[in-house]
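End of the sequence shown = 780 in the numbering used here, gap-free, step of one.
None of these hints come from the bench; they were simulated from the model.
Be a bit skeptical, because a hint or two may be false.
Straight line, CA to CA, 30 Å or less: simulated BS3-like cross-link-like pairs of lysine-lysine [to be verified]:
hint, residue 1, residue 2
1, K503, K222
2, K354, K222
3, K354, K420
Per label pair, the in silico range of CB-to-CB distance [as the list claims (entries may be wrong)]:
hint, residue 1, residue 2, range
4, K519, A372, 22 to 30 Å
5, A372, K72, 37 to 45 Å
6, N707, K258, 51 to 59 Å
7, E350, S25, 26 to 34 Å
8, R521, K258, 58 to 66 Å
9, Q135, N707, 54 to 62 Å
Given the structure is predicted, the values throughout are model-derived calculations rather than measurements.
We treat Cβ as the ideally placed atom computed from N, Cα and C, and that holds for glycine.
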Amino acid sequence: MIKIFDGGFGSQLISKSICFECPEELNLTQAEVIKQIHKEYADNGADIITTNTFGANPLKLKSYDLEDKVIEINVAGINLAKTTGKETAFSVGPTGEFVKPVGDVSFEEMYEIFYRQLEAITISQPDYIIFETFSDIAELRAGIIALKDIFKKHTIKIPILASMTYDSIYTLTGVSPAAQGVILDALGVDAIGINCSKGPKDILELLAEIEKYTSVKLIAQPNAGMPEIVGEDVVYSMSASEFANQMKPYFELNMGYIGSCCGSTPEFTKELRRLADSIEVKNNKENKTNSHGYLASKGKVVSSEAFILIGEAINPHARKSVKQYMEEFDIKGLTSVISEQCLKGADVIDINVNAEGADKKALARELVISGQLNSDFVLCIDSKEPEIIEEALKNYAGKALINSVALDEKELREILLLAKKYGASVIGLCIENEILPTTIAETVEIAEKLQSRLLSEGIKAEDIYIDPLLFTNKTYSISPLDTVEIVRQLSNKGIKTSLGLSNVSYGMKNRDRLNQTLLSMLIGSGLSMVIASASSKGIVETIESAQILMGKEKLSNKTYIELEDINKLTIEGELIYQLINKEEPTAFDSLLAEKTEQEVINTMLIALDKAGRLYDEKIIFLPDMMQVVEKVQGLFDRLENKAKSSHTLVFGTVYGDIHDIGKNIVKSVLKPFGYNIIDLGKSVTKEAFAIKAKEVNADIIGISALMTTTMVNLEPTIEYIKSELPNVKIIVGGAVVTEDYARKVGADGYSKDAIKAIGLVKSLTEVDEK
Numbered sequence: 011m012i013k014i015f016d017g018g019f020g021s022q023l024i025s026k027s028i029c030f031e032c033p034e035e036l037n038l039t040q041a042e043v044i045k046q047i048h049k050e051y052a053d054n055g056a057d058i059i060t061t062n063t064f065g066a067n068p069l070k071l072k073s074y075d076l077e078d079k080v081i082e083i084n085v086a087g088i089n090l091a092k093t094t095g096k097e098t099a100f101s102v103g104p105t106g107e108f109v110k111p112v113g114d115v116s117f118e119e120m121y122e123i124f125y126r127q128l129e130a131i132t133i134s135q136p137d138y139i140i141f142e143t144f145s146d147i148a149e150l151r152a153g154i155i156a157l158k159d160i161f162k163k164h165t166i167k168i169p170i171l172a173s174m175t176y177d178s179i180y181t182l183t184g185v186s187p188a189a190q191g192v193i194l195d196a197l198g199v200d201a202i203g204i205n206c207s208k209g210p211k212d213i214l215e216l217l218a219e220i221e222k223y224t225s226v227k228l229i230a231q232p233n234a235g236m237p238e239i240v241g242e243d244v245v246y247s248m249s250a251s252e253f254a255n256q257m258k259p260y261f262e263l264n265m266g267y268i269g270s271c272c273g274s275t276p277e278f279t280k281e282l283r284r285l286a287d288s289i290e291v292k293n294n295k296e297n298k299t300n301s302h303g304y305l306a307s308k309g310k311v312v313s314s315e316a317f318i319l320i321g322e323a324i325n326p327h328a329r330k331s332v333k334q335y336m337e338e339f340d341i342k343g344l345t346s347v348i349s350e351q352c353l354k355g356a357d358v359i360d361i362n363v364n365a366e367g368a369d370k371k372a373l374a375r376e377l378v379i380s381g382q383l384n385s386d387f388v389l390c391i392d393s394k395e396p397e398i399i400e401e402a403l404k405n406y407a408g409k410a411l412i413n414s415v416a417l418d419e420k421e422l423r424e425i426l427l428l429a430k431k432y433g434a435s436v437i438g439l440c441i442e443n444e445i446l447p448t449t450i451a452e453t454v455e456i457a458e459k460l461q462s463r464l465l466s467e468g469i470k471a472e473d474i475y476i477d478p479l480l481f482t483n484k485t486y487s488i489s490p491l492d493t494v495e496i497v498r499q500l501s502n503k504g505i506k507t508s509l510g511l512s513n514v515s516y517g518m519k520n521r522d523r524l525n526q527t528l529l530s531m532l533i534g535s536g537l538s539m540v541i542a543s544a545s546s547k548g549i550v551e552t553i554e555s556a557q558i559l560m561g562k563e564k565l566s567n568k569t570y571i572e573l574e575d576i577n578k579l580t581i582e583g584e585l586i587y588q589l590i591n592k593e594e595p596t597a598f599d600s601l602l603a604e605k606t607e608q609e610v611i612n613t614m615l616i617a618l619d620k621a622g623r624l625y626d627e628k629i630i631f632l633p634d635m636m637q638v639v640e641k642v643q644g645l646f647d648r649l650e651n652k653a654k655s656s657h658t659l660v661f662g663t664v665y666g667d668i669h670d671i672g673k674n675i676v677k678s679v680l681k682p683f684g685y686n687i688i689d690l691g692k693s694v695t696k697e698a699f700a701i702k703a704k705e706v707n708a709d710i711i712g713i714s715a716l717m718t719t720t721m722v723n724l725e726p727t728i729e730y731i732k733s734e735l736p737n738v739k740i741i742v743g744g745a746v747v748t749e750d751y752a753r754k755v756g757a758d759g760y761s762k763d764a765i766k767a768i769g770l771v772k773s774l775t776e777v778d779e780k
């Protein structure tokens, strides 16, 4: 049975003609209004009523001086939804901040923010918890992990629904539908899906992609199309019947829940109810399981079905330079090795921080955080120490791999609990009572016992990889050829296998050739993954050739970005390539020695422009773009005659709007151009804009609006500012703002995103200079 969720809440609040700043505070001040909206949705066929708690986290409530009422507001929200007699879903939305490395908030801080909000369920228990409208998988993970800890502490269990919003075929931070499915499935949620974003037609294919990578039900709550301005009002032109008609194909997917989002009304719920009652759900699929395992970063999924290469370079015993980087806590040096391994073909990066004298916990944390900013890599944390494993897993925004556990280890259960908590796969070593097996039969027996033990501890079969161990040729009773046979037998039993390749040829001539030959034999026998150096061209080519012959291709792998119109053989071109591909900009010093500072500045501006175009084309994403900006800013700071501008820009969100992510991104991308930027923060009054702009003699005022409920404040704000400062230019932007609307409300310019703002500000300031 597919359950029907209710619809848009903000538009219903506006229709009630009540004044408010914080929608969630109405749970305390206008309880009857909230109850009435819930009742209207219930009366029109909703099975599940969503609580008015979307933004009731401590961080957002602090903007309204309501931080001390977090529990009170959330409990009231749950209780008001319960008055309908329907099932209730406790709504948890994003905080408006990003987790490191994209933002400045640590995992621990984000975890604590959500924990405080979610504690409300221990006082009044809803039927579901729905995380919705998230664009950052790291933030969403923090919320889900906090919730799981509350479940454990209070011995409760409530179904978890997790929904993200998409900017295109990726979220704002570059999360793909496939990665969303893999990561959230691993965290143990009960339904995965998409809400908000756009209309039903726009997100159907994205949801179908998610379905391929998850074993749980799907949830979809699209918008009623895109907003338009009619007269003084923001309206969604799609009718309820048209919306329901566009939702019909969703019933062919493994849906568990459908509903509507922005712009919808109880009439939409009524039409969805009618549709659901008229359709015989053919798919009503049982939850499926995967025989092969998936691992994922935020934008990339790798599968054991296509064979996985785990790059082994981040290990103090693998390279002297890596050992030195660790001893010196040189994170930049270590992340450059990660980038190198990724570019050379590694699907996963094995990280072992067991360097003598190193602060291993801090090293694991900073390397995982910084590594994700430089490379979209899948993590394999190589450690026996639970605290090191946890430090890596909690700071990794993906589905990682733990290397490794063994039977009878005292840390086994603790490590497996971490795997379940953070949604990770596990490699198990064929060692029992710290004794190595001596025969093929003994190894297979231990492997089966280990597989059974991991299954009994709650690890899914698709998340288990067994390492039967590979010994140096002629030094042990189990030869490399015996290992090939062990892999074959385990593969025939449906057990996935992993091996470290390097030891087999230690101290021998022609190591690379021996490794390649053995790897070919192992792959042919069913090996799932190998830990080896991606720097070995022969190893990479062996894997690629095997994949072609077996008809198995990698699902996804972002590679080096080429620029057709840039000659990377020139110093200028080399610097641009380095900046775009997040490499160390070593060409900067050479360029500075040969060119004037202005020519150097021009080169960096070209790099920013190229990055902006790649961002528009969704080849790179917000974290990538921000890193290019950060690197360019760092290079600007090294110049004697830094980029300077005589122009002053004042930014803020429109009154009533506390969502300032977009504004902050715009500030960041404009900073390298030398503008004097003043940030007035969130929910800025028209008077405050005018007073500050007059005080600093501003050239441009930038105003953002994220919500339909606040975008209507743009027109009176602009009108007032222009009456006070007729010569100042005003630019606007935000998720719900369109170019037509910007023109209608009297703005001098509109930018759909931060990158477009660069050209817009430049064009307006150049007009002033003329």
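Mind checking the hinted window 58 to 66 Å against the Cβ distance between R521 and K258?
holds (60 Å)
Can the restraint linking K354 and K222 be considered satisfied, given a maximum Cα separation of 30 Å?
Holds: K354 and K222 sit about 28 Å apart, inside 30 Å.
Given the proposed pairing of K354 with K420, does the C-alpha separation stay at or below 30 Å?
violated (37 Å)
With respect to the beta-carbon atoms only, verify the hint that K519 and A372 lie 22 to 30 Å apart.
violated (41 Å)
Note whether the CB distance of E350 and S25 lies within 26 to 34 Å or breaks it.
violated (57 Å)
Can you tell me whether the CB distance of A372 to K72 sits inside 37 to 45 Å?
violated (29 Å)
Honestly, do N707 and K258 meet the 51 to 59 Å range at C-beta?
58 Å Cβ-Cβ, so the 51 to 59 Å window holds.
Holds or violated: the 54 to 62 Å window for the beta-carbon distance between Q135 and N707?
holds (57 Å)
With a cut-off of 30 Å on the C-alpha distance, tell me whether K503 and K222 pass.
Within the cut-off at roughly 25 Å; holds.
The structure is inconsistent with the numbered hints 3, 4, 5 and 7, although it conforms to all the rest.
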